[in-house]
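K.L.:
Heads up: the sequence lines are chains A and B, in that order.
Here the first sequence stands for residues -18 to 359, where the numbers follow the numbering used here.
Here the second sequence stands for residues 86 to 479, where the numbers follow the numbering used here.
Source of the hints: derived by calculation from the structure; they are not laboratory data.
These figures come from a predicted structure and were not determined experimentally.
The reader is advised that the hints may include incorrect statements.
Stated by the list, open to error - Which chain B residues face chain A? A few, computed with CB under 10 angstroms, are given here:
1) F289
2) Y357
3) L395
4) A433
For each residue, glycine too, the CB sits at the ideal point set by N, CA and C.
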Amino acid sequence: MKKPLYGLTALFDTPDALMHAVEETAKAGYTRYDVHAPYPLHGMDRAMRLKPSPLGYFALVFGLLGAVSAVGLMTWITLVDYPLVIGGKPFWSWPAFVPVAFEITVLLASVLTVVSMIVIYFKFPNNSHPLHDTPFLKRVSSDGFGISIEAVDPLFDEARVRGMLESVGGKDVGPVYFDVEDLNHGQKVFDLKFVGLLAGVGMVVSIITYLGLNVMLYMEPFSWMMEQEKLKPQAASALFSDGIGMRPPVEGTVARGFLPYPYKGRPEDAGKYLVNPLPVTKPVLDLGREKYMTFCSPCHGNFGRGDSRLAGQFPNPPTLHSDKVRDWPDGSIYHVMTDGQNVMPSYAAQVSRDERWAIVHYIRVLQRAHHAKESDLQ
Amino acid sequence: MSTDTQTPSYTSKTLSPQVDRIGLILLGIGVVLVIAAFVFEPVRAAFDASILYLFMVSLAVGAIFLIALEYITGAVWSVPMRRVTEFLAGLSPFLILLVIPLFLNLHDVFHWTHQEAVNADPVLQAKTPYLNVSFLTVRTIVFLGIWVLFSMLFIRNSTSQDVTREASLTTKNVRLAAVFLPLFAISITFTAVDWGMSLDPHWFSTIYGVYYFSGTVLAAVSAVTLIVILFHEGGYLPGLRRDHFYSLGALMFAFVNFWAYIAFSQFMLIWYANLPEETFWFMARWENGWQFVSVLLIIAKFGVPYFALLSQESKMNTKRLKIMAVWLLVAHLLDLYWLVMPTHSTGASLSWVELGFPVVGVGMILLLLSWKSKRYNLVPIGDPKLRRGLDFRL
């Protein structure tokens, strides 16, 4: 089978000669041609009579997309998902967003513009081109300056084009043919062998990196946060006369949230004197339910029936719906959580004071649900 | 493109006598107003004199920087308009005139020159090795010396090339540029510290020098752009085309962004760390009406020029470039006002006292341009890169 003609190519020694040839080509009315040079040539766009590239608008759209999504993401994080007070600043502290928004804007604008250039103009995933692997392309990627005029140009006539290229000083004027094999098996990017090779190289490099850096010579990626000028718990310190880094609290003070429990070992007094300080509101009950489900339900069951999920690994607790517990004042339930009872340990360390009181309210809800009165149904 | 040796034909032209006359009138009016300002409101006038000095340093020294940049990078596009930059750099010797009123009024402007204040203030005492009048004088003289020397050397080599056409003069200027650039970095930084930052001697910001530098180059590029376009329209620089204007516009746009980047960096670090010894400086600019000046500054020096110069077309549009050049020069003046004035008045205000100073500046520049155009060619006709510069394409 005769190979189909792609076009004619010609080489020039200097950028000026190429520029002249391009001007002549454009003047002759050809439109389907391209110029090849080892480096960008100032003024070439205009000599080729190219319209301004629309890629700038891609960059604009992607940049705006980046800016909007970065600000949107940080707004959602700081206002909705995880509001944190940082340095006493408002949750929505926009100056802190600016660097991130700037970076994402630049990142999306540049990367996506290049990607769209490859997809739209290079017709990804098609990666074969008749000029590939030709002596012409080897020359124009080292020291030559070349032009290629495609056969699909409406004005193309092999003899005429050859004459025109030679008349403007083109050297090595010659035809380039389509590779029939390439034509039939386009889209080489998704060739199984090629993709497999890429994946294989990626895997080998990852494994070598992992073994080399993490296993053979352990290297921390970043240690700046780990190695700070600060005293760690249990560390010695020459600064204090007793040589101990950890300091006891100042005499006569109590840390916030660490009020000592006055009814240790005195459940009766706890029941008598402690009053639930929290109102019965939806948020409080929600909090109580959340904490109950987390800390109590593994042993007491989801509804307080004493149906532990621990399958006998721990003594099953009694039901919380017994008359005894229902008649207990709030303080007594609070006391069990705070001080423990027999095999049940204290949860004071895991569950804060307010959370414990919220759980008490929630247990009351469970009990009421189990012993609903006639009136509750109306 | 033709070979480098071929030089375009050039007929020497001088600016119309109009420029001379307007320059003289403006300078006269300006000087009268400035003298009146010093008579009636000496303290405020002294602050205004600082602003004018910093502004003129921006134009003159920024222009030397642009010349050095062209030589060190081997740029060709800016060669056809380099004479304009050289004319601006020729302002350098006249900076000496502008700095004299500052030294006569140091006491009115700089808190740290008050001995009794220093005695009562351990922070100022710790800073006296740097902040003292004799060292300030030495620094200022050295910096002015550097600027005057280098501007004269650059210009001398460049203008004598018009006659001799010696390529070696370009090489000489490349070497000069290599020496000048680090000296420029040091001198412009400490000028900013001396006449700007030390107004609030307790305050410090390590990026302050870069901040002033960014505005300086922006102002110099804007001034060059403005004069180049005006010359071009008047037929004095006929060879230029949109590729040249685009390059000027791109530089302007780049430094608009650079200024905003630096200004925001300075603000964000201080805002984030929230240390009282740093934040008070921004608080002073966010109270008593100064907040409007601050917002205006952001809009004027970044918002408007950013969008006005964003598109490729706008950078080739000489009319828009002209407007933006004037706009940015005014914005730079506003920037310096915003840096300096809050130390003088806690409430934002504009006074007739301010009026004369910019007028003096404009008058000086017009007279300088007219005088230089009589002495020198408006195009560096002997520069071996001139042909390529004229043929420059994007």
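K.L.:
Checking each numbered hint in turn, tell me which of them this model violates, lowest number first.
P.N.:
1, 4
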